[in-house]
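J.: Here are the chains, one letter per residue:
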Amino acid sequence: MSEKQTVETERALLIEVTREGPVAIVTLNNPRRRNAMGRQMRQLLRDTMHRLMVDDPQSRAIVLTGAGEHFCAGADISEMTKRTILQSREILAESCVVVREMQAGPKPVVAAVEGVAFGAGLSLAVAADYVVAASTARFCAAFLRVGLMPDTGILWTLPKRIGMARARAMLSLATEIDGNEAAAIDLANEVVEPGAARAKAVEVALSLAALPPLGVALLKESLTNAATTMEGALRAEIDYQPILRRSKDHQAACKAFMEKTEPVFTGE
Amino acid sequence: MSIEQTEKAAGADEIVQVRRVGDVTVVTMNYPERRNAFSMKMRLALIDVFQRLMNDDPATRAVVLTGAGGHFCAGGDLSEMHASTPPLLELRERIAVGVRLFKLIYTGTKPVVAAVEGACYGAGLSLATACDVVISAETAKYSCAFGKVGLLPDTGILWTLPQRVGGGKARELMLKGDVIDATAAHRIGLVSEVTSSGHALDAAIEAAARFASYPPVTLALLKASLVNAGNSIEDACRLETDLNPLTRQTNDHTEAVKAFMEKRKPVFTGA
Amino acid sequence: MSEETGSDATEIVQVQHDGAIAIVTLTYPQRRNAFSLRMRETLYAQLYRLMHYEESCRAIVLTGAGNTFCAGGDISEMQTRKLLEYRQRNELPLDIFRLMVEGPKAVVAAVEGFAFGAGLSLAAACDYVVTSSSARYASAFVKVGLLPDTGLYWSLAQRVGGGLARELMLAAREFDGIEAGETGFANKVVEPGEALAAAVKVAQQYAELPSAATALLKAALATGIRTLDDAIEAEVNLQPVLRRSREHQEAVSAFMEKRKPVFVAD
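Chains as they are written, first to last, in my numbering: chain A, 771 to 1038; chain B, 37 to 307; chain C, 311 to 576.
Take these hints with a grain of salt, some might be off.
Straight-line alpha carbon distances no greater than 20 angstroms define the calculated DMTMM-like cross-link-like pairs of lysine to aspartate or glutamate that follow [to be verified]:
1) B:Lys205 / A:Glu973
2) A:Lys852 / C:Glu567
3) B:Lys184 / B:Asp214
4) C:Lys570 / A:Asp846
Covered by chain B, according to a simulated footprint, are these stretches of chain A (three or more residues, beta-carbon under 8 angstroms) [said to hold, decoys possible]:
5) 945-954
6) 1021-1034
Calculated from the structure, these hints are not laboratory results.
Everything numeric in this text was worked out from a predicted model, so none of it was measured.
Think of the CB as a built atom: it goes at the ideal place given N, C-alpha and C, for glycine as much as any other residue.
Sequences are here, hints too, so could you generate the full structure?
T.: Structure (structure tokens):
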């Protein structure tokens, strides 16, 4: 293999994609560094997530998880060399693309968290639609401890899950909580035994994959973009609902309800 | 506490029944054979009623919304949706009807208390969360399963559910469409209070009656402010500065101060 | 070790320093620390000084004397005034609210007893609320024909969500410290009498963290972060500044050298 091919293969391995039926499983793959994210890995994650969302008819739902015992320990601190302001801005904007894809993209995303989800790792976890946490998972917005502010969209995604009061405390004090506490405050949707997060996440993703896809897509788009004000929310329903009422999948759902059969959804 | 009951009989076969209990008007969705399904007829009847109560009925100081036959509302009428699919523009009109009803409840001049027994599904949940207070029987059940039939959650719930339970939990309920019980609903902030089965209406009337003891102009201005006041610090400050002086100039506020200084109960007139 | 600032024992807002923490005590116990004009003027002056000029102060605790936080506006001051006077008198409470929310240092509330009306607004404007389990809260404004003020429209929804804030403001419903903890209004619930000590401990945690990051995080959160775009804009604008700060560089060096960082602000 040429040197260029070797580098590309290694680079590609930083993010792995496997499948289980209509579920695509995205695995952060740098277990020796607890899946800490360097720039290469972030760019690859961004491209992978985008491709799965808009150019992958095989999948209807996505699971995000980490290789080895941990989810993601955050940004790679060894890469935090002095940068210009413009470089920093560009890199930050890059990371945020992933969050936008996860939140507003058409397919549901389920995070499976074992071990640590620190800093940007926490940001990624809470950007998912549904979070499955092992009871021993550890969540911490560690940013403040290294003199940075919380990033990768967490200023929006964390308060949405746990409310602004709790988020403010967690973000500004860099406090750590485990999977059980995370579920108690709804940072995680569900808590499982250690080692069981991935399987449970796939189970949830499979059930979400069975939903009419167009409805899911417009729901996620509405909740992220349109419904941030009351008027925006009302406009979204007037604009989108008629399209959905006329969709084949909605007709199929009504028919199945009347005839008491199981519907099959095609996305049209 | 005995409540003076004034029966304002609108006929037992009206799809929405209205009766006054003191200063409170109780609005009952009455289509029990279909668990008060949110048909177009139901929506139009509710709009008529709320339009009148909010804008044309000074005797009503607060409203209770409930359902007949042991259920609140089981959601949209799927058989109606299966039977006909109107053209796009007509559908927009029909959705706008639901939006009009939502706005009457959510941005109207009087507080609305939901009394929930039994099923509170789909658009039924939208109605409940549009209310200012939700009183739930312990046996009530809640779900937001629009997505299962390929629809978007509607009638304002894209706004009101996240406002009540947070964006993350709302997303979960809207995606999974699971049924949750009253205890879970209370824990996540979906309902304000849980009562024993069969007693949600009594508790709701009591809660609504308490509103009736506050100055009506203040309540109306408050409900109006709340639509946008939480959007930003600028919006909050501007609304405060613009509207607070109005309330300070009301007779009811002067009466409240006077009553406090004289250590007696205030008597509000709505001026 | 603490020292009194303000030798006047009748000072309506007292400030004590405890290391890097400033403890600000609303002191008008005969009127349950009512939010009178003199209280507002003094509180604003003290907070402004602590936030912007007192370098030795790294975090602030806000509490009330006489085992109560603040029972609300001073009703005896509520006389009939001209419209423009009302508008002008509303500026100071909003300035206090904005100072607490937008200022560079964390404010930790220690709540015992009553936090009604403007008292609720003051607690809600804090970054972190420590409450006694038996504290009593209410947005009592509507009961006296007034609308919520001192920023409560924004700050209550921030802490408990729009739906519950709406209900609490309309119904003027009272809730206690336990419910404050359950709804997220309060971050920490303690036994009666222990709120101040617990609040000082939390303030010390804030004081030990990098000051620039703390200040910029507060600034970002003060914009409300209503949308994902808001969050992205805040971090793209502010993070590069922090990346170039002395405190961040020290944290990175400490990490690489496997030692504890020593933070010195720029």
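J.: Which numbered hints turn out to be false for this structure?
T.: 5
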